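A.B. asks: These are the residues of each chain, in order.
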Amino acid sequence: MYEFNYHRPKTLDEASRTAKEAEDGQVLAGGMTMIPSMKLRLASPSDLVDLADIDGLKGITIGPDTVTIGAMTRHHDVHTSPDVQKAIPALAALAGGIGDPSVRHRGTIGGSVANSDPAADYPAAVLGLDATVETNTRKIAADDFFTGLFETALETGEIITAVHFKIPDAAAYMKFPQPASGFAMVGAFVAKFGGEFRLAVTGAQDCVFRMTEMEQALAANFSPDAVAEITIAEDDLLADIHCGADYRAHLVTVMAKRAVALAAG
Amino acid sequence: MSIEVSMKVNGKPVSAEVEPRTLLVQYLREHLGLTGTHVGCDTSQCGCCNIHLNGESIKSCTIFAIQCQGQDVLTIEGLAEEDGTLHPMQQAFWEHHGLQCGFCTPGMVMVACDIARRLPDADEKTIRHELEGNICRCTGYQHIVEAIESGIKAMNARG
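For the record, the sequence lines run as chains A and B.
Sequential numbering from 68 applies to the first sequence in this note's numbering.
Sequential numbering from 2 applies to the second sequence in this note's numbering.
Among the hints, erroneous ones may be present.
Each pair of labels, with its calculated beta carbon distance range [to be verified]:
hint, chain 1, residue 1, chain 2, residue 2, range
1, A, Arg84, B, Gly71, 22 to 28 Å
2, B, Asp43, A, Ala331, 38 to 44 Å
3, B, Ser7, A, Gln245, 36 to 42 Å
4, A, Gly332, B, Gly56, 34 to 40 Å
5, A, Gly123, B, Ala81, 40 to 46 Å
Don't read these hints as lab results, they were simulated from the structure.
Computed from a predicted model, the values in this text were never measured in an experiment.
Where a beta carbon is used, it is the ideal one built from N, C-alpha and C, also for glycine.
The following block holds chain A by itself, in its conformation from the complex (with noise of 0.2 Å):
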């Protein structure tokens, strides 16, 4: 890989200061995606801010209706936390599900989010529990967060602090994972607040998306049937070495289903 400065701020602030005014700044958080990257060259960032030793963005705090998880969580952490097994399972489950134990001993909620890998499992938590972003500046709504390939709405040197997790009726992820890295070939999530339901696919396309049909149809009926004939357009989906557009297509209706199954219960 490529020379780069390393920094270890104190401060949010700092850390925030020191990626935007570097030639090509990148914030560091478990390193599971940033540095395979840099390994294989497709990121050189000229500074590499590591937020290890900044306070507060770590923990996780249930509310009456909300988890907040801090960004520098770990997925061990989400995954083995007996608070959020008990206010949203399917959030545990899932953050179990991301690579392996010893890449979940190091890897973030908040790198996984920040960086809306097309084929990650958070941002279908995210936009499936219409959770709420917060970054050292603001707070963003799932529903305007992820904006295409590793692409979010998070401005230069805007570091995520936590996310907010609604807590939902009913949820469940489904995933079909790719067998040697684990990436979701695709992903669902859904989740029933009263009498809506959203439903978020990841792997399927450039980022996250959510089946607005599935989810009126769930809305009538709460159960796999109602998702079942609903498809998804080949043309609209990824296609690439692991599965083709008309594999991944039926993939989003089979893993809506399986989804919604689980959830109903």
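Given chain A, put chain B in place with the hints provided.
C.D. replies: Positioned in the frame of chain A, the structure of chain B alone reads:
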């Protein structure tokens, strides 16, 4: 441009001047001569580089040495006793022949110790699932899993 970094490796304090881009696995292998930790892939998938950082298994190819400032690293070389007595997990891998070429083995043993710590009741299915981050090209995993089952029992017995 180098930065001074110091940490504990296998119980001993070490320090060096390294470039920020020096991965922990490079520091262990090339600076400290601890070549038991291996480099197997470019993509953080294979697990040959597995070590323990502050008691938890991580992939040393996907962390910079300087990120480990002041922290505690345990490598495969640090498992056996001073007098050479094998760690129960190493003993189990020997007894159950949990390897062929041995390239993935240090990573397997380090992750196995971590599984034992987190999930002392792990059954075969759980062990196989927990090995998702470790790839073996030789064995088909059967003896690795048996070794880990046995090693977990031995570690539980020893307390």
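A.B. asks: Now, for every hint given, state plainly whether the structure supports it.
C.D. replies: Evaluation of the provided hints:
1. Against the hinted window of 22 to 28 Å, the Cβ-Cβ separation of arginine 84 (chain A) and glycine 71 (chain B) comes to about 25 Å, which satisfies the hint.
2. At about 42 Å, the CB distance of aspartate 43 (chain B) to alanine 331 (chain A) agrees with the hint of 38 to 44 Å.
3. Checked against the given bound of 36 to 42 Å, the beta carbons of serine 7 (chain B) and glutamine 245 (chain A), roughly 39 Å apart, stay inside it.
4. At roughly 37 Å, the beta carbons of glycine 332 (chain A) and glycine 56 (chain B) sit within the given window of 34 to 40 Å.
5. Glycine 123 (chain A) and alanine 81 (chain B) have their C-beta atoms about 41 Å apart, which keeps the hinted 40 to 46 Å range intact.
The structure is consistent with each of the numbered hints, conforming to all of them.
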